[in-house]
Amino acid sequence: MSETPVDPEEVRHVADLARIDLDEDEVDRFAVQFADILSYFDALDDVPEVDAEADLVNVMRADEVREGLSQEEALQNAPETEDGYFKGPNVS
Amino acid sequence: MSVDAFITETTIEGADDGPLSGRTVAVKDNISTEGVRTTCGSEMLAEYVPPYDATVVERLKAAGTTVVGKTNMDEFGMGTTTETSAFGPTKNPVDESRVPGGSSGGSAAAVAAGEADVALGSDTGGSIRCPAAFCGVVGIKPTYGLVSRYGLVAYANSLEQIGPLAPTVEAAAELLEVIAGPDERDATTREEGADADYASAADGDVEGLSIGVPTELIEGADDRVVEQFRAALDDLEARGAETHEVSLPSVERAVQAYYVIAMSEASSNLARFDGVRYGPDADVEGNWNESFARVREEGFGDEVKRRILLGTYALSAGYHDKYYAKAQDARAWLKRDFDEALAEADVLASPTMPVLPFELGESLDDPLQMYLADANTVPVNLANLPAISVPAGRADGLPVGLQLIGPTFGERDIIRAASAVEN
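Respectively, the protein sequence lines represent chains A and B.
Quick note: the first sequence uses the working numbering, first residue 2, plus one each step.
Quick note: the second sequence uses the working numbering, first residue -9, plus one each step.
Derived by calculation from the structure, the hints in this document are not laboratory data.
The C-beta atom is built at its ideal place from N, Cα and C for all residues, glycine as well.
Please note that the accuracy of each hint is not assured.
Partner residues are not named here, just some residues of chain A that face chain B (Cβ under 10 Å, in silico) [to be verified]:
id : residue
1  : E10
2  : V12
3  : L45
4  : V66
Construct the complete structure from the given sequences, taking the supplied hints into account.
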């Protein structure tokens, strides 16, 4: 069994962090599935530490003005716009 | 369209003369096409029309291909069967009661059914190779950084690459040649592949080729799959290749590491889908957070929600070191194992999928069971290596795929070996 059993409260908490509403059926189903999946992930506990020398190179380009999307193109997929702006829900 | 390979049928004409002029191509629906909707198999993007082309689509047009459709896929690339698409499943052209594999199932089915000459898919944990194996076509997952991801709707950026699906190794190599090479709009692309010549490597010459066979990738596989795999290896030996067993102990932890990393990256990447700049109109009362949460509840399917939530969990305070950090250790361990095995072999060979194609509906209720089917493909993505799936005969009338894994930018090696398997 997993060292971290998942109760429905925990699923609700994570769903809240991820900004996804869940109905009660989903909460219960995910709680069962998450317990299974997380207990399978527990096998990562015995992975050894390996020195990994990442072969990284910075990729730079000149900071020059270039053509981008027009305002009309940028707004074309928005469900709601107003005066050339995206219209979103209230922040508070 | 008998097998439901396409979400959107279209005709996007390319240049009059190019290396692939006259060729039709099907494009996975997570690759942006200017003016043609790109849904990612999701309700969230059901009406989304990109205002620009992905770099690979620009290159296809310049090469003279005609895009004939946007292909069905598991929602946001999350699945192994193309059944998690919001637009319904695609059927396997070889046996319509079976899945085509996923998540690029529509692309593989379009090629297998002759509805396009070639196709593009994307491979995050095997999503090109799996459907290639299940549908009996060729699929290549390129080295990370060979092909631009600009315009690919991101799921797990550190793992995914766009790649070709085709009826033959040579045709897949030709398509790879067109899409490979650096792109200033994707800073993870590399200079290698700028003037790549892959098609000429499909010459079937494996005299003296050294093939390592990882024992761990054979052990769990279906006997019928292993039998076909062994027969294909015997053929390669008869043509002058040499095979030997290798051990990759780290692959026993690859599936766990893959899912932790992919889900974590997904939880971050998919945060952009909030229904404001694009997406469905939630038409709900409430503040930003409430509205956002409602749109995402309605727009995302089960598998996508599952992965976002598990990814959020794996990155949350208290669990980061247990899951995400350990998964990164496993990734480093895998890279080292592969480096050692490829120091003593030109390529590695395994069955692409450890199982034969599932019946439609068979795997949907048990996500963990579905994740386990990716055991042979995900190690390659974690190690950023190139791999090809090539048909290696049939078992019980169903296609079996053989996977060849090469060293970094060793595309020519795997193409050469695969061309010997198909002949």
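Residue hint L45(A), partner chain B, criterion CB-CB below 10 Å
Since the shortest Cβ distance to chain B is 4 Å, the answer is holds.
Cut-off 10 Å, beta-carbon criterion: hint that E10(A) touches chain B:
violated, 13 Å
Interface hint check: V66(A), Cβ to nearest Cβ on chain B, cutoff 10 Å. Holds or violated?
violated, 15 Å
Is the interface hint for V12(A) satisfied, with its Cβ closer than 10 Å to some Cβ of chain B?
Hint on V12(A): holds, closest Cβ of chain B at ~7 Å, below 10 Å.
Hints 1 and 4, counting from the list given before, are not met by this structure.
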